[in-house]
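As you go down the protein sequences, you meet chains A and B in turn. Each residue of the first sequence is one higher than the one before, counting from 1 in full-length UniProt numbering. Each residue of the second sequence is one higher than the one before, counting from 1 in full-length UniProt numbering.
Treat each hint with caution, since some may be false.
Listed next, the in silico DSSO-like pairs over lysine-lysine satisfying Cα-Cα at most 27 Å (straight line) [unchecked claim]:
1. B:180 - B:89
2. B:89 - A:324
3. A:380 - A:261
4. A:343 - B:89
5. B:180 - B:248
6. A:289 - A:178
7. B:89 - A:330
8. A:300 - A:324
9. B:413 - B:28
10. B:385 - B:405
11. B:243 - B:28
12. B:413 - B:385
13. A:324 - B:95
14. B:363 - B:385
15. B:28 - B:363
16. A:192 - A:170
17. A:330 - A:310
18. A:221 - A:289
19. A:310 - B:411
20. B:363 - A:434
21. A:173 - A:144
22. B:95 - B:248
23. B:17 - B:243
24. B:363 - A:144
25. B:17 - B:95
26. A:310 - A:300
27. A:221 - A:246
28. B:411 - B:248
29. A:310 - B:95
30. A:330 - B:248
31. B:261 - B:180
32. B:363 - A:85
33. A:289 - B:89
34. B:17 - A:343
35. B:405 - B:248
36. A:343 - A:380
37. A:289 - B:95
38. A:343 - B:405
Hint data in this document are derived by calculation from the structure and do not stem from the laboratory.
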Amino acid sequence: MAVAAGSGIVFDLQTARTEGIPGSGNNGRARVGRFAAAGSGVSFDTPSFIAQTSRGAVPHLSGDNLRDHTDVRVVCVALEDFVEKCHPNVPVYNHPSTLRNFISHPSNSLLVLAPRRSPPVTTATSNTDASIAILTSVGFRILKVDDYFNAVSNLRPDIAISPPDLPHQKPGKTRRPKMVSRTELWLGELIKRNTPNTPIFAPILPLDIEQQQSYYLDYLKEHISSLSGLALYDARLAIDMPDDLKGLPRLSLDEALTPHKVLQQVSWGVDVLNPAFLTRMTDSGISLKFQFPGETAGEKEALGVDLWNKEYGASLEPLAMGCKCYACRKHHRAYVQHLLVAKEMTAWVLLQIHNAKMVSNFFAAIRESITRGTFEEDCKTFAEAYAEEFPEKTGHGPRCHSPSLNPQKALLTGNRLRGYQFKSEGGVKKKNPKAFNKLGGDRRETLEELETPPDIDTKVLERGRFVEISSG
Amino acid sequence: MLKTSTATMKSMPSALKYELIARCSTTKARASVLRLPHGPVETPLFMPVATQGTLKGLTPEQLESVGCRLCLNNTYHLGLRPGQTVLDKIGGAHKLQSWNHNILTATVTEKGVEFLSPHDGTPMLLTPEHSISLQHSIGSDIIMQLDDVIVTTSPDTQRMREAMDRSIRWLDRCVEEHLKMDPRAGTEGFDGVKGDSYAERQNLFCIIQGGLDLEMRKECCEEMVKRDTPGIAIGGLSGGEAKDEYCKVVDTCTSLLPDGKPRYVMGVGYPEDLVVSVALGADMFDCVWGTRTARFGNAITSSGVLNLRSALYAEDFTAVDPECQCPVCRPLDSPAPPLLNPTINPPSGLGITKAYIHHLVAKETVGAHLLTMHNVAFLLSLMNKARVAIVEDRYPAFLREFFFKWHGGDKGKYPTWAVGALRGVGVDLLEG
C-alpha cells in the first residue's frame, strides 16, 4: 500500500500484510515501510528516527560530520529557533532561498519544520487563536500562526508540521476541546494556503483519542489527500488511529528516553521516532553500546559505557566493540576520556557521531526483526538482555560543572543544563558556581538581604498561613 | 655568560631534512620542503595549536581535511593530562589522537617552571630533563627545549641576560637527555634499530632568547647555532612588545641563522604578522589567536577580520570568505581541491554563509566548530599562497596585494611598523 498524498512524500507500508496472521510473531501494530521524498531524492526505511536540532544544527555535529559520518536521514527544525527579532528583521524570512539553504543543510537528509522544539519548554503565556507562545534565545515571544504559514510557504521545508495547540499547563475540561478546534482551524488554514504543496503532517494531540474523535479525526479523513503524514504528540495514540488514516506515516514527537521505550513506540505502530536519549547520553559522556535484540546471558548488560570512568583512561578499545562508526574506526576510549576530562568539545563530537550510529544500527535491527516476524519475541530478549535505564551520569556535561545528583530525574526533566541548547524552566537554580563576586561583597550582600523579605517556601505558606488546599 | 667552543659539542643527529626550494629575490622570504618523520610539510607554514591533543571542536580528520600536516600539542598540558604513564601505555600522542601527521610539542608553562597542577594542585617540576623525557613519551616529531621566558617588555636587562644564559644551559641539558638511547628502539611497534637515540626519531629545536636586546639576541643565536639542533626557534616574542621591535628581532636573528635549517617564530599567527615575518626570513609559525577568535565569532577573511556576531551580518547570505576554498566556504557539495599527502577523502563543500554563522555563534558549539575550521584553513592557505608567490618570485607583489585587500584598499590604514619592516627588506607597500 503506497500513499502519495498530493505532494512529494511517498510512504510505502510493507508489512500491513503480516497483520493478524496467526503465529507471525508480530502483534500486528509494528510496521515496516519505506519513506521517500520525491523532490529531494532522500528515502529511508521505517521504523527510523528523527534527530532534533538546535538552531538548525544537530547538537555537536557540523554539516560535514552529519552528512559524512551519520545515517541521520531526517531532522526536525523549530521555527522558534529563528525568530528572535521583530518580523521585518527576521533573517530567515528575508532569506531569498529556502530554510535548507539558510542552514546549509546536507542534501542527504530531510528537513521537518515545526513551530516549536520537542518537547517545547513551558511558556509564560498561553496560545491564542492567532498565535503560539514560543521561547527564543532572547526570551518568551509569540509567533503568529500567520507567520508560520508564510514560513512554510517561503522556506519550503521537506515536511511541515501543522501547528498543534499545546497548552502551557495541564488542560482542563474546557481547554481540551479548544485545543482540538484550534488545531483543526490552523490545519485548515495551512492546507488552504499551502500553494507550493509542501508536504503537511497533521498533529495528533496528547489527549484521549475520544476527545479528538468526533470532529478532528473525521476532518483528517476528509482532507487525507492534503496530508502526507501524522505528527503524534503522544505515541500511544498510534494504536488508536482509524483505518482510514493507516496509510499515513506516523512521526512521533513523544520523546523515547530509553531504547526500551523506542521498542514500545514501535510496537504501537510508530514509523519515525524521537530518541531523545541520543543527545542526552552524548552530553553525559556515555557511549551507547546496545544491540537489538542482544543476548540473554545471566546478568543484564548496561545500555552504555560511562567514558568518565577512570577504568578507560588508557583503554585502546573502540567506544563499542565491532562498531563501524568514524569514532570507533579511528579513535579509542582513552582519547574520548582525555577529551572529556579536558572539557574539549571534540569529546562530544566523537560521542555524538558514535551514538547516532548506534541508534541507526538499532533501528536497522528493529526493521529486520519486524520483517522476520520475530519482533515481539526479540523485544522480550532485549528486555532481559539489557538494563532498563542508562548508567548514571557521573561526569560533567558540556556546560555543567557539577554532576547530577539524581540521574534518574536528570534524564526526565529535572536537571536540564542551562545554556540555549538546554532551555531552562522557571525556578531552576544556576548550575555553575558564580565565577566573579563583588569585591569584599559579603558584607554588602548581608545588608541587602536584610532589606528584602526572606524567601518562604510555598509549602510552608500552605501549611502555616493558608487554609489547606485539597487536591481535588 | 658561558662560551662554549664548537669542538666540545656532541654531534647532533637529525630526523628531518630541510630542502630549500626557492628564495625571494627582493625580501628574505624562502620556500622549502621540510621532511619530517610523519611526512613532508611545505614552508612557509602555519601550525594550528591543538593544545590538549585536539583542535577545539574539530576531529583530527577535519583538521587533516583543511590541509594541516603539522600541528602543535602542549607538553605541559599533556604531561598533566592524560599524563606520562598513560601516554607511555598508549604509545604517544599520535596514537592518543589518531593523528598520522606531524606533531610539534611546545612547552608553554604558566609561571616559571615549578608550578602547581591547576587540576589537582599537586606540584609539578618541569626540569629540562623532565620536559624532554615527557616529549619522548609524547613522541612528537619536533620537540622544543625548555627555555626561560620572561616578557620581552621587561626593563630588567639583568634578569633578561639571566634568562638567556639559563636557556642556553638548559639547551645543553636537553641535548644531553635527547641523545640518550631509546630503550624502545628496535622493539616491536617501534621504528629504528636497537641502540638508536631519541634524536634519530625526534627533532629538538633550540629557542633563541634575549628579549628585545639585539646584542643579546645575537649572542644567543651564536651560542645556540653551535649546538647544531635540527631546527631553530625564535622565542619570547609576541608578548605585547611594539611590532617594530618585534620585526627588528626577527630580522636580526634570521640574518645570523644558518640557511639550511628551518626557523620557527613562536606565538605568531595574525595574518599581517605572518606575511611580514615571512619576508623577514622566518619559516614556521604557531598561534592560538585564529582558533580562539573563532570561538568569539570572528572570521579571518582576505578582507580582514569580520566579527560575525555583529548585526551587520545577520542577513549577509554570502560565504564566510567567498575567496576561500575550505569546506566551510565552498558551495554545498562542491568537490574539494587536492591535498598534500592525504590519508582521507576531504569532505565536499558545506556552503556556510555569514548569516548562518551569525545565527549560531555563541549559541551552538557547531558555530565554533565551523568558524574554527575556516580560520585554520584560512591561515594554512595564506601561507600556502605566500609559498607559491615565493616560488614564482613575486612575493613583493603578493605582499602589496595582501595588504591592499586586508585594509579594504585604504593605504592610510596600513600599519607603520609593517610598512617600515618591509621597506627594510626592499618592499614599499605604499608604492604603485
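Hint check results:
1. B:180 - B:89: holds (20 Å)
2. B:89 - A:324: Judged against 27 Å, a Cα distance of about 24 Å means the pair holds.
3. A:380 - A:261: The given pair, whose Cα atoms are some 13 Å apart, holds under the 27 Å limit.
4. A:343 - B:89: At roughly 22 Å apart (the allowed maximum being 27 Å), residue 89 (chain B) and residue 343 (chain A) satisfy the hint.
5. B:180 - B:248: violated (37 Å)
6. A:289 - A:178: Status violated; Cα separation ~44 Å.
7. B:89 - A:330: Distance of about 18 Å is within 27 Å: holds.
8. A:300 - A:324: The given pair, whose Cα atoms are some 24 Å apart, holds under the 27 Å limit.
9. B:413 - B:28: This hinted pair holds, its Cα atoms lying about 25 Å apart.
10. B:385 - B:405: holds (14 Å)
11. B:243 - B:28: holds (18 Å)
12. B:413 - B:385: With Cα atoms ~23 Å apart, residue 413 (chain B) and residue 385 (chain B) stay inside 27 Å; holds.
13. A:324 - B:95: Roughly 19 Å between the alpha carbons, so the hint for residue 324 (chain A) and residue 95 (chain B) holds.
14. B:363 - B:385: Violated, at about 33 Å.
15. B:28 - B:363: Violated. Residue 28 (chain B) to residue 363 (chain B) sits at ~44 Å, over the 27 Å cutoff.
16. A:192 - A:170: violated (31 Å)
17. A:330 - A:310: holds (21 Å)
18. A:221 - A:289: Distance of about 42 Å is beyond 27 Å: violated.
19. A:310 - B:411: violated (57 Å)
20. B:363 - A:434: Answer holds: residue 363 (chain B) to residue 434 (chain A) is near 20 Å, not above 27 Å.
21. A:173 - A:144: holds (25 Å)
22. B:95 - B:248: violated (40 Å)
23. B:17 - B:243: violated (32 Å)
24. B:363 - A:144: holds (24 Å)
25. B:17 - B:95: holds (24 Å)
26. A:310 - A:300: holds (22 Å)
27. A:221 - A:246: Holds - the C-alpha atoms of residue 246 (chain A) and residue 221 (chain A) are around 10 Å apart, at most 27 Å.
28. B:411 - B:248: holds (23 Å)
29. A:310 - B:95: Answer holds: residue 310 (chain A) to residue 95 (chain B) is near 19 Å, not above 27 Å.
30. A:330 - B:248: Outside the cut-off at roughly 45 Å; violated.
31. B:261 - B:180: holds (23 Å)
32. B:363 - A:85: holds (15 Å)
33. A:289 - B:89: Satisfied, since the Cα-Cα distance of roughly 25 Å is no more than 27 Å.
34. B:17 - A:343: violated (37 Å)
35. B:405 - B:248: Answer holds: residue 405 (chain B) to residue 248 (chain B) is near 25 Å, not above 27 Å.
36. A:343 - A:380: violated (39 Å)
37. A:289 - B:95: Holds. Residue 289 (chain A) to residue 95 (chain B) sits at ~23 Å (cutoff 27 Å).
38. A:343 - B:405: violated (38 Å)
Checked against the numbered hints listed earlier, the structure breaks hints 5, 6, 14, 15, 16, 18, 19, 22, 23, 30, 34, 36 and 38; every other hint is satisfied.
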